[in-house]
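Build the full structure now, drawing on both the sequences and the hints.
Chain residues, written in single-letter form:
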Amino acid sequence: MRPFDYAAPRTVEEALAQHADGAAYLAGGTSLVDLMKLDVARPHRVVDVNSLPLHGVTTDERGLHLSALERLGDLARHPAVADGHPVLRQALLASASPQLRNMATIGGNLLQRTRCGYFRDTAAACNKREPGSGCAARTGDNRGHAVLGAGPSCVATHPSDPAVALSALDALLELHGADGVREVPLNSFYRLPGETPQTETVLRPGELITRVTVPPLPGADRSVYVKVRDRRSYEFALVSAAVAVDLHDGEVRGVRIALGGVAPRPWRAHAAEQALTGREFTRANALEAAAAAADGAEPLSGNAFKIELVRRTVGHALTRLGGR
Amino acid sequence: MAKPLIGTATARVDGTAKVTGRADYAADRTEPGLAHGHLVLSTAGRGTLRSMDVTAAEAAEGVLAVYSPFNPLKLHRIKTTPDVCFVGQFWLPLQDQEIRHYGQIIGLVVAETFEQARHAASLIRAEYDLLPVRADFAGRIAHAVPPPVAINHEDPQVDLLAEEFGTVDEALAAGPVQVRATYTQPPEAPLALEPHACLASWSEGVLTLRVGSQSPVGGALAAAETLGIGLDQVRVLSPYVGGAFGGKLYIWPHPLLTAAAARELGRPVRTVLTQEQVFTTVGHRSAVSQTLALGAERDGTLVAVKHDAVSSLSLSGVIYETAAHTTSRYTYKSPSLHVGQRIVPLDSPPTTWVRAPGEAPGAFALESAMDELATELALDPVELRMRNYATVFPGRGVRWSGKHLDECYRVGAERFGWQPRTAPRPQPAEDSDQVWLTGTGMAGATYPGNLLPTTLANVRLRADGTATVATATSDPGTGMRTVLAMVCADDLGIPVERVEALVGDSALPLNYGAFASMGTSSSAGAVRSATTALKQRLLDLAAGDARSPFHGLAAEALAYRDGRVVGGGHSLTFAELLAATGLSELDSPGASAPGAERLRFAVHSFGAHFCELRVNRWTGEVRLDRWTSVIDGGTIINPRTARAQIVGGILFGIGQALLEGIRVEPDTGRFANGNLADYLVPVHADMPDFDIHFLDHPDTDFTPLGARGIGELGVVGTAAAIANAVHDATGRRVRDLPITVDKLL
Amino acid sequence: MTDSTAPRPPTGDHQVPLELQVNGRTARLSADIRTTLLDALRDGLGLTGSKKGCDRGQCGACTVHVDGRRVLSCLTLAVGAQGKQVTTIEGVAEGDRLSPVQQAFLDHDGFQCGFCTPGQIMSAICAIRDGDTGSDAAVREAMSGNICRCGAYEGILRAVRSAAERTARQEGTG
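Protein chains in written order, with this note's numbering: chain A, 1 to 324; chain B, 325 to 1069; chain C, 1070 to 1243.
Source of the hints: derived by calculation from the structure; they are not laboratory data. Warning: the hint list may mix true and false statements.
Only part of the chain B face toward chain C is listed, based on derived beta-carbon distances under 7 Å [said to hold, decoys possible]: (1) Gly-345; (2) Thr-379; (3) Ala-380; (4) Glu-382; (5) Ala-383; (6) Ala-516; (7) Gln-599; (8) Arg-666; (9) Pro-669; (10) Ala-831; (11) Leu-832; (12) Pro-963; (13) Ala-968; (14) Leu-1000.
In silico contact screen, one side only, chain B against chain C (beta carbon under 8 Å); selected entries [what the hints assert, rightly or not]: (15) Lys-342; (16) Ala-347; (17) Tyr-349; (18) Asp-352; (19) Pro-356; (20) Phe-438; (21) Leu-517; (22) Glu-518; (23) Pro-519; (24) Trp-742; (25) Gly-972; (26) Asn-999; (27) Met-1011; (28) Thr-1054; (29) Val-1058.
Idealized CB from N, CA, C, for every residue including glycine.
Written out as structure tokens, the structure reads:
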């Protein structure tokens, strides 16, 4: 770990002022401190945002508002989250371990860095860590890597569980920057790697996530998060699916299907959504939709199984919601 | 007479230290002037280290020294072999520029603080002249060669054939029913939760080395040989060891480098490895590929067993998995038998002993193959095993000192509620709502009973009524301290609370340590020998000392019973006798060693596992629900710690079956998942409900105490029981471990 | 500690004075700014009960309480833990009297080598307090952030269940 300057501002404005090139915001620390130890993250300055007044969960007509410094564990226990958003609660509880959930903040979790082993190893080629150095994962150990949305420059996946649920819930992110406040849909927040895998989001330099809003959404209460992994707990997803179904008289009026563990960002399976929308919520229709969940997928040498697993995971999720 | 402790569930004598955080492991001590070491590892798999740029590291804050092959710490060459001198690998780091595997030690940074040492190490840049890396086990099986030395005193190829056959293949062909399959498993890491750590300090030419070790004596041997000092100039301390599983039998090079640095700097140095560093600088279990062929009559009687194993062997090490010789060689009665072993030399970190070496992969293959044969024959798998039950060690004509595997099967099946089966379980319809497929599986387990070479112990009585038992073994969580204290307390007729067990110090009476499930049998035997001699000394003292109330009586007229010397109308505790005779303490050595039982008997522990699990029809996830094991381990000295050993072993086997495997990059030899997040070991939620039952058959043909080892038995057969249950549930036979979801889609 | 000048690669002495509240006492020490709470406890304050198993948030052996919540001290910067109440395994017994959870681990053989044990106990105390221990399945999940390679989970499960039941009884009657 490299030495750094440390600042612990008490207001958002102060935090923005403290941030500059080579600085990093520190919230729960579960991702940043880890990467600093690995010499992957090398901030000159650590701006500890834990003293900012970004706490609390509120609801109003615009929906459910989660302040960015709320810890995943607290959110999972919060009645306003549990009521009406099972998919989010389940995704929160499926994350990491209880200790890590007590540390990690919702804002930080959305910015969690990939678990790609080459990104985490300074001796390996990684365009995300060191642009232009190549991508060792394309030909290396890629069982855990992306089958959707990746490219020649990078095949890393986004590791967050809550982000997948929030993608299905069409969440909005409130961002504070030097130019003021703006709101960005989570589904427009993440960028695909393209030629610049080091730039993972639309965040501008120094910009902070200050709040996550889950808008009122028909069907959010009929939702589920299915996380598939080798170990029963305390592991990142091989594949996960966040699914919410808006059902009206047995007909699917709307469905949202987001995938985790398979793409550089929470991945909306639009083809599957379209396949089910407007149709009767039967097992056969659910499976037909699930079959389209991995449309466009391209396997690497070690992860072709994820394509079938995506379909099955979505099928499992839809049948759990009553598609039978 | 007080109820004997042996056989009574007894709480660990070191429990309070462990639940309060006072137990001190290797990295827990400090010393005045302590400096911190941090290893630098290679990022190439084979070749020559051309240069290292250490300028920035040397200039970094707090750095005391940067050692490398270009600025080495002198270590003396290993004159014996790596296993005899307990280093674990042939070569010692920094002595030359050769790169022998990815992640090998190429430097040691010593700095004032841990942060400074780690940071400086990250600033070092190395340049290599590369050679092609031979790391692809699967791709090199065709290049497998015979191992260099005998296995269990037998040839690498053993053929015991019925008279009418010239080869085992002919014998197989004569069986009307045959199964043949290849079973594979990746390398596995012992991965104790305590990463390897050491603290080296020198005082007047004498080295004190704190290191978590299964064998403090082995560590001392290694340090003396490589540091060029006498055995009397080194003391290895391992009071507490945070798990071992074979990975801490050898000391490995980092403590030797650390000790050399401490000597050169004139300061104590502590080096704590990261778990990532542990993966490549200490050993792992070989990758193994096994081909099993069974030939049988239609009634299930085996006519031939052919088991050929291929294991990876690191070119840096000497240990590899001997999967066939340790299982199929003796498990079943068969008129024709072939076991064979070959090795694939690899440019890998050292391969070494890992819990149940040989048996763990071997039993996966053999007990899976038996299940396949049972399926083929439409015969219940328990019944198939009974029809091929061995009562005599094949080819040697000796019986077992104690074998009650049949009872294990029978009692296990009963406790588990095993339903004999002769046909595949019906599968639900394609469009069924059923999510979980249930299956049951079983397998047998064997592990040899061995004794360490000469093992010494000392028991000391004190006038305050307490006793101390001491031997240079270690307690890496096995319950060794507790067992030694129990045997001592029982023999002396005093409460266990009055016995202190000293282990984990190479200066204690000679004991090669805790490994290969030999520790308890050997060490407890030495303790019993010491207490027997000590009781005689007490009687001699009572009879012979003028101050003793027994004075004048013949020693033969006295006895030691229930903690008291009695005779001639007198009865004194040993404390009273010591006080009366003006002694503050009295002690005696004791010893145990293997004897003629090795020739007269085969000695093994046995067990049978039964499990029930579910497989998710959608996702392929496997969930273990319940588990029954019945164990034949001779006398169970402490049922409490014994149960923990068996359960822990089964969980190790669950890891082998469902989770574990080092993914080796074939072109570089890099371990792609060498950390605790990506190399998965079982977590609490992976555990089934356990029903563990011990048979009560003391094996007094083996040792007077009648106890055989059980530390590794739980691992053996566990992976097969799971694979067999997965097959029962899904109809799929997975022969490549671990059984991950991708294999069940 | 805030510094309004533009960040630059820090040079020179990185020692900072730290004031930590540990086990009800104020501890002052000088430490490298990079020091984690785990290293500050172990090396700075000699509280070595918290263990460094992985140093990466992958095992749970370093679990301590910060303001009453179980967290991983290996991923917590010591500088950021100032002003918060830190409790370690050394702070849960009352003198020689073990806490109920410690006693339950002894009674139910909730450990083998003992290395993960302080983290298990610190985790269990919070899991019980948070009400996450009402069934075997709940305990299994609630304790899955603490890896035990010895496989002492069975004893841990019984220990946590028994301590939780005792706590519930005491609260019910108390």
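Right, here's what the structure says about each hint:
no.: 1; hint: Gly-345; result: holds (2 Å)
no.: 2; hint: Thr-379; result: violated (16 Å)
no.: 3; hint: Ala-380; result: violated (13 Å)
no.: 4; hint: Glu-382; result: violated (16 Å)
no.: 5; hint: Ala-383; result: violated (11 Å)
no.: 6; hint: Ala-516; result: holds (6 Å)
no.: 7; hint: Gln-599; result: holds (5 Å)
no.: 8; hint: Arg-666; result: violated (31 Å)
no.: 9; hint: Pro-669; result: violated (29 Å)
no.: 10; hint: Ala-831; result: violated (22 Å)
no.: 11; hint: Leu-832; result: violated (20 Å)
no.: 12; hint: Pro-963; result: violated (10 Å)
no.: 13; hint: Ala-968; result: holds (6 Å)
no.: 14; hint: Leu-1000; result: holds (4 Å)
no.: 15; hint: Lys-342; result: holds (3 Å)
no.: 16; hint: Ala-347; result: holds (5 Å)
no.: 17; hint: Tyr-349; result: holds (6 Å)
no.: 18; hint: Asp-352; result: holds (4 Å)
no.: 19; hint: Pro-356; result: violated (13 Å)
no.: 20; hint: Phe-438; result: holds (6 Å)
no.: 21; hint: Leu-517; result: holds (5 Å)
no.: 22; hint: Glu-518; result: holds (4 Å)
no.: 23; hint: Pro-519; result: holds (7 Å)
no.: 24; hint: Trp-742; result: violated (22 Å)
no.: 25; hint: Gly-972; result: holds (3 Å)
no.: 26; hint: Asn-999; result: holds (7 Å)
no.: 27; hint: Met-1011; result: holds (4 Å)
no.: 28; hint: Thr-1054; result: violated (24 Å)
no.: 29; hint: Val-1058; result: violated (23 Å)
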